[in-house]
Amino acid sequence: MLCNWKAMCVNRENILALRGLTMKYKSVVAVDNLSFAVEKGSICGLIGTNGAGKSTVVNMISGSSKPTSGEIIFKGARLDKLSPDRIAGLGVARTFQNLRIFGKLSALDNVRIAAQARHSYNFAQMALGTPHYRSQERAITESAQRILHRMGIGHYAEAEAGSLPYGHQRRLEIARCLALEPELLLLDEPAAGMNPNESVSLARDIRRVREETGTTILLIEHDMSVVMSLCEYIYVMDFGILIGEGDPDTIRRDPEVIRAYLGAEREYA
Amino acid sequence: MDFFAGSLISGLQLGSIYALIAIGYSIVYGILRLINFAHGDLLMVATYGAWILIARGLSLPFAVIGSVLITVAFGLVIERAAYRPLRDAGEEATLITSLAVSIFLQNLFLMVFTPKNRAFALPGFFSEKLVLGGAGSITITNMSIVIFVVTGGLIAAVSLIIKKTRLGIAMRACAENSTAAKLMGVNLNAVVVFAFVVGSALAAVAGVLYSGQYVSFNPSMGFMIGIKAFAAAVIGGIGSFAGAAAGGVLLGVLEILFACYLPEGAGVYQTAFVFLVLIVVLLFKPNGLFGAAEGRRS
Chain A
1 MLCNWKAMCV NRENILALRG LTMKYKSVVA VDNLSFAVEK GSICGLIGTN GAGKSTVVNM
61 ISGSSKPTSG EIIFKGARLD KLSPDRIAGL GVARTFQNLR IFGKLSALDN VRIAAQARHS
121 YNFAQMALGT PHYRSQERAI TESAQRILHR MGIGHYAEAE AGSLPYGHQR RLEIARCLAL
181 EPELLLLDEP AAGMNPNESV SLARDIRRVR EETGTTILLI EHDMSVVMSL CEYIYVMDFG
241 ILIGEGDPDT IRRDPEVIRA YLGAEREYA
Chain B
270 MDFFAGSLIS GLQLGSIYAL IAIGYSIVYG ILRLINFAHG DLLMVATYGA WILIARGLSL
330 PFAVIGSVLI TVAFGLVIER AAYRPLRDAG EEATLITSLA VSIFLQNLFL MVFTPKNRAF
390 ALPGFFSEKL VLGGAGSITI TNMSIVIFVV TGGLIAAVSL IIKKTRLGIA MRACAENSTA
450 AKLMGVNLNA VVVFAFVVGS ALAAVAGVLY SGQYVSFNPS MGFMIGIKAF AAAVIGGIGS
510 FAGAAAGGVL LGVLEILFAC YLPEGAGVYQ TAFVFLVLIV VLLFKPNGLF GAAEGRRS
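Top line first, the protein sequences correspond to chains A and B.
Heads up, the first sequence is in the working numbering, so the first residue is 1 and it goes up one at a time.
Heads up, the second sequence is in the working numbering, so the first residue is 270 and it goes up one at a time.
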């Protein structure tokens, strides 16, 4: 099934490129002149120690914070000046390190909200309940249900999202992003707080999502087993700068990466 | 007993009107964390709107619709001109601004219409009484019935909109986490506009009902009613739709019961007792009767 990605690889087209991206807070440079590219259709990893600036990068790509300088280019267009909802509309979706599902809404409504972003009808059509509106609402609900099933939480559609077990809430957050039918999916530590079994099954689902939808995934993750098993290409950050890049095997052996991140003493499997 | 039933009807009637106003406070607060003190003045705007339109010869239903439209226009202009530029300026800035808007509206209407108390006269039909029972001593006016039917219908309709429709779901999502909602492609401005439309329209209906019931109106009428409706929203748990409705009804009933049953001399302090209720509720339930235990915001 990996052939999908290999076929796309031939094009070697970058869906996302960061050029000289810098984020300064008062006296701290969180991200310093960062440049990298993410190939279309790939699962790309961004790793680094706590405070390396990974989440800041995701915040800038998704528009919730604006870079001090530098460019973010998505499919040839600048993202760095756009508002978060515009960026989401262009096909960039993200999850959060600390969960931000809508706890008081049902799981289905959580996904429906995102699915609705892609459908249009005006207020009058909604108020009058026109056939157009009804058929769209039905389509939205059906696609939301399909996505919940894809993420393995189809049985919880009507449950209040905040009452789901933690691992399912993480899955719900990814499901909500998938409803946006993103071309680029940013996953900010999706395996945080999961036990090894849950991580393995999540990694399997993430790979299946890429295979079924062809969406590009940028994975920010601490769990090395998830990163090494999923990512085709990995960037390593430390103190706001890029200190290494390459496929998982290269990263495993890169001495600077090992020193800065993996620990000088041991090598990760 | 009949006296009690009578006061209860009066209380429910006043409470329904508070509920309509409190819902406006609550939904706007839920999304923007903005306590919109100008909200109460919108019912004054609505009253003047309806009064002028009736004076121009419009029939009552059309005058009410016209007044709702005028009030919604005021609400939207206030949001666009006063609150949106300050969206990221912090809660204190918008809170102070809302007081300024309230003072501005009152003075604008004072200037144009003078402080004179005016009478909002409705056709005689509304003051006709229906006998409910109790040997003819429990009666209810047609106006009360209109108030109950209209508020009940509106609250049911708005609650359905918030539960089921796209904008309603988006509104609840924004109330919970507007950052995440924006990232899901929700247009926050559209949701805010929707909240102001709903809130202003409910305030307009409340204004016309209030003036229809209590007849006299002037440019500063909205302030005290607004403050009480705000207290109702806080008692119910600000940000909660059901809480605002329940808090409004509860406060209206208590206010009338205080006025009727407090000993001679204390009854005139009904308003003070209303705020005492607010303090007592907040002492025991700091988030209000229906409030969420913990609001997360980012």
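Hints listed in this document are in silico derivations from the structure and should not be mistaken for laboratory results.
Predicted model, so just to flag it, every value in this text is computed and none were measured.
Where a beta carbon is used, it is the ideal one built from N, C-alpha and C, also for glycine.
Check before you lean on any hint, since a few could be wrong.
Not the full set, but computed from the structure, chain A residues with beta-carbon under 8 Å of chain B [stated by the list, open to error]:
hint, residue
1, S64
2, K66
3, R100
4, A114
With a straight-line cut-off of 20 Å between C-alpha atoms, the simulated PhoX-like cross-links for lysine-lysine are [claimed, not checked]:
hint, chain 1, residue 1, chain 2, residue 2
5, A, K81, A, K66
6, B, K432, A, K104
7, A, K66, A, K26
8, A, K75, A, K40
9, A, K104, B, K398
10, A, K24, A, K66
Enumerated hints in conflict with the structure, sorted upward: Of the numbered hints given earlier, those the structure breaks are 2 and 9, listed in rising order.
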